[in-house]
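Those protein sequences? They're chains A and B, same order as listed.
If you're matching positions, the first sequence starts at 1 in the numbering used here and goes up one per residue.
If you're matching positions, the second sequence starts at 1 in the numbering used here and goes up one per residue.
No lab work stands behind these hints: they were computed from the structure.
Even glycine gets a Cβ: it sits at the ideal position worked out from N, Cα and C.
Treat the hints with care, since some could be wrong.
To be verified - If you want the footprint, here are the derived chain B segments under chain A, 3+ residues with CB under 8 Å:
1. 16 to 29
2. 77 to 83
3. 99 to 112
4. 120 to 133
To be verified - Estimated spans, in silico, between C-beta atoms of each pair:
5. 36(B) to 111(A): 32 to 38 Å
6. 10(B) to 45(A): 36 to 42 Å
7. 111(B) to 86(A): 33 to 39 Å
8. 45(A) to 7(B): 34 to 40 Å
9. 76(B) to 149(A): 43 to 49 Å
10. 36(B) to 36(A): 41 to 47 Å
11. 131(B) to 29(A): 31 to 37 Å
12. 10(B) to 123(A): 34 to 40 Å
13. 52(B) to 12(A): 21 to 27 Å
14. 14(A) to 10(B): 20 to 26 Å
Protein chains: 2
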Amino acid sequence: MADLYFEDFNVGDRFESPGMTITESQIIDFAMQFDPQAFHTNVVEAKDSIFGGLIASGLHTIALTFRLFFMTGVLSNNLGSPGFDDLRWLKPVRPGDTLYSAGEVVEIIPSKKHADRGTIRFRYSSHNQKGETVFTVIGNQILKKRPAA
Amino acid sequence: MADLYFEDFNVGDRFESPGMTITESQIIDFAMQFDPQAFHTNVVEAKDSIFGGLIASGLHTIALTFRLFFMTGVLSNNLGSPGFDDLRWLKPVRPGDTLYSAGEVVEIIPSKKHADRGTIRFRYSSHNQKGETVFTVIGNQILKKRPAA
Numbered sequence: 001m002a003d004l005y006f007e008d009f010n011v012g013d014r015f016e017s018p019g020m021t022i023t024e025s026q027i028i029d030f031a032m033q034f035d036p037q038a039f040h041t042n043v044v045e046a047k048d049s050i051f052g053g054l055i056a057s058g059l060h061t062i063a064l065t066f067r068l069f070f071m072t073g074v075l076s077n078n079l080g081s082p083g084f085d086d087l088r089w090l091k092p093v094r095p096g097d098t099l100y101s102a103g104e105v106v107e108i109i110p111s112k113k114h115a116d117r118g119t120i121r122f123r124y125s126s127h128n129q130k131g132e133t134v135f136t137v138i139g140n141q142i143l144k145k146r147p148a149a
Numbered sequence: 001m002a003d004l005y006f007e008d009f010n011v012g013d014r015f016e017s018p019g020m021t022i023t024e025s026q027i028i029d030f031a032m033q034f035d036p037q038a039f040h041t042n043v044v045e046a047k048d049s050i051f052g053g054l055i056a057s058g059l060h061t062i063a064l065t066f067r068l069f070f071m072t073g074v075l076s077n078n079l080g081s082p083g084f085d086d087l088r089w090l091k092p093v094r095p096g097d098t099l100y101s102a103g104e105v106v107e108i109i110p111s112k113k114h115a116d117r118g119t120i121r122f123r124y125s126s127h128n129q130k131g132e133t134v135f136t137v138i139g140n141q142i143l144k145k146r147p148a149a
């Protein structure tokens, strides 16, 4: 695992995750649990939706993007996140798509209150096997500074 | 089920969901699937985190907020969403908390391109049994207009 602390990040650093193929079962199971809209759960009705077929819940895309990004190990010293901005679903995610996620450092903000941490702003994104960006979001991560030796 | 179309919404309308009690099992299961950080999966290590104990993944809070909100039926004519803004986790969600969600209409934007739909901007939030707001986000929903009779 990478063991990166706040000081180790520079604006422009970019990290890419391994990929994962999303299946019809996963899309329907997640949607039945959290987002039971017909275009996420019902292949018959999804055909008549504006998407022309079954697509993953956007909530599922958010969760998978971070599931994949955690596999990079880059957030191993993450203390938490106060929030995300500018969350956009750009393209549908369909059964059989293979997703990858990435995080690029866009801003580095030392904490004024806590000497042991700071905020790294990442532009997260996920893309599919055709190289199409399907999702982007700006995330604020509070990362630990390296402990004194 | 409510059967609300684009025309039926007014700025200031507010809708509240039923509640749901979140358990330790649910928190750990979701986190092992999508967000395997120790403060979401490990009660021993979570005690030493800045949260002082196990808390739900923020991704889980997002998903549950919408799961609960869908129970209102208010989004039965939702065609999809291009994105969310200003997503904030304000308080930790802990095992045993009971969550409720709400959506308030903050803006109504007819589509210039499609006569059959428009965007409703909702301020979604979720709160716990103590009345503390734990999560807020602005969501853009594309809703169908009522079909011609």
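Results for each hint:
| no. | hint | result |
| --- | --- | --- |
| 1 | 16 to 29 | violated (count 0) |
| 2 | 77 to 83 | holds (count 6) |
| 3 | 99 to 112 | violated (count 0) |
| 4 | 120 to 133 | violated (count 0) |
| 5 | 36(B) to 111(A): 32 to 38 Å | violated (25 Å) |
| 6 | 10(B) to 45(A): 36 to 42 Å | violated (29 Å) |
| 7 | 111(B) to 86(A): 33 to 39 Å | violated (21 Å) |
| 8 | 45(A) to 7(B): 34 to 40 Å | violated (23 Å) |
| 9 | 76(B) to 149(A): 43 to 49 Å | violated (59 Å) |
| 10 | 36(B) to 36(A): 41 to 47 Å | violated (26 Å) |
| 11 | 131(B) to 29(A): 31 to 37 Å | holds (33 Å) |
| 12 | 10(B) to 123(A): 34 to 40 Å | holds (36 Å) |
| 13 | 52(B) to 12(A): 21 to 27 Å | violated (35 Å) |
| 14 | 14(A) to 10(B): 20 to 26 Å | violated (45 Å) |
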